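Novice: Sequence:
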Amino acid sequence: MIFAPLFGYLGDRYSRRLIMASGVLLWSLTTFLGSFMHTYGWFLTLRALVGIGEASYSTIAPTIISDLFVKDMRSKMLALFYFAIPVGSGLGYIVGSEMAHVTGSWQWGLRVTPIIGVIAVLLVIFVMHDPVRGNSEGSHLRPTTWGNDLSELCKNKSFMLSTAGFTCVSFVAGALAWWGPTFVYQGLRLQQGYEDVTLNDVTYKFGIITMVSGLVGVPLGSVLAQRLRTRFPRIDPLICAVGLLVSSPLLFGASLFASVNCNVCYALIFFGEVFLNLNWSIVADILLYVVIPTRRSTAEAFQILISHALGDAGSPYLVGVISETLKVVLSPSHSPHVTSSNGSFSLASNITSDPTSDPAVDFYSLQYSLFMTCFFEVIGGFFFLFTALYISRDKYQAEKAIAGMSSVKKLQTLCGIIILTCISK
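Under this note's numbering, the first residue of the sequence shown is numbered 418, with each subsequent residue one higher.
Everything hinted at is true.
Taking CB as the label site, the calculated pair distances span:
no.	residue 1	residue 2	range
1	464	614	27 to 37 Å
2	731	539	29 to 39 Å
3	572	785	35 to 45 Å
With a cut-off of at most 16 Å between alpha-carbon atoms, the simulated EDC-like pairs for lysine to aspartate or glutamate come out as follows:
no.	residue 1	residue 2
4	488	816
5	812	569
6	812	489
7	622	515
Keep in mind the hints are simulated off the structure, nothing from the lab. On a predicted model such as this, the values are computed, not experimentally measured, just so you know. Each residue gets a CB set at the ideal place from its N, CA and C atoms; glycine is no exception.
Kindly generate the complete structure, drawing on both the sequences and the hints.
Specialist: In structure tokens form, the structure reads like this:
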């Protein structure tokens, strides 16, 4: 998060291929070395370095796609790129839990991905092509100062509002990724017939749901945008808004059914995440067509900084703090008559003197805390609705700036040819 602006600055001015290769290599090495650490301080340090490597990649990769493709083809390629986020997250749950189960050591979950990372580094160095910035749009713009870049981005209402909406998406995604499996597991413990269920079992299923919802949601958002964009120029932020506003009641319902019916809960989580995942590729597309090519890496970095700082960097902690506070409120001295949703479990008769040790208290405190994510989805939906008010204007201004500079270059080239012809004659 902190290093994203640095890589945004470098990505607009220097070799993106070398920056990406170095970042992925750092990412892979620190992940691998972290699995061998025996002290918390060194482990935490190496995990922090993983984030620096990730920042170098995530700020630059979308801009390379934007310089290779335009319009609908760009949208398709971005969908292909961004569906890897939820799919990779889902695979992380599955591979991590299975490797821990097979080897008997969680550290092996961190020793799988570095192998793939090294392959990625070799592909970036020897296979990937780093196009000229703005190449796909015929742009010949030159980079401006970093201060000017930030100033222009802050004036870009579509970019700022869509970043705010995407921050809400990150907030919800971060909270679900951290607390989702634990919450479902706690709900199952309150149901009869699930006494032998383990957190590892729930994590595995949650990973499959996350992965499949990404496979469905990310391309679905891109396809809807491509098909409706010609008829409705403002459809991109509207799809994002609808996705969040529909996802909110679905995830709210999932939290209610977690302690009643696990199958209904899993189904609602799946559909809630599908609608949440509609946003990923569309938000990236919005950024690329409302920002000129020479400041797109900076824009990506700015969006990453804001969405992480106010989104998934703090949401797991905030949900946990609220949950711990609610445990005290739900203790017998405060709430002696609270029962489970099926009426079969009484807090008053089953709570021990330590509320944190009671399954019902753990579940309900986390449930009430996770309700906050539904609220943030609604707020994010309204941010995207406001984005729709400015999207056409900002897109036109970016296209005008690109086309204007291209015309100047063509005129300069033509004048040069005429002058050289006159001299040669």
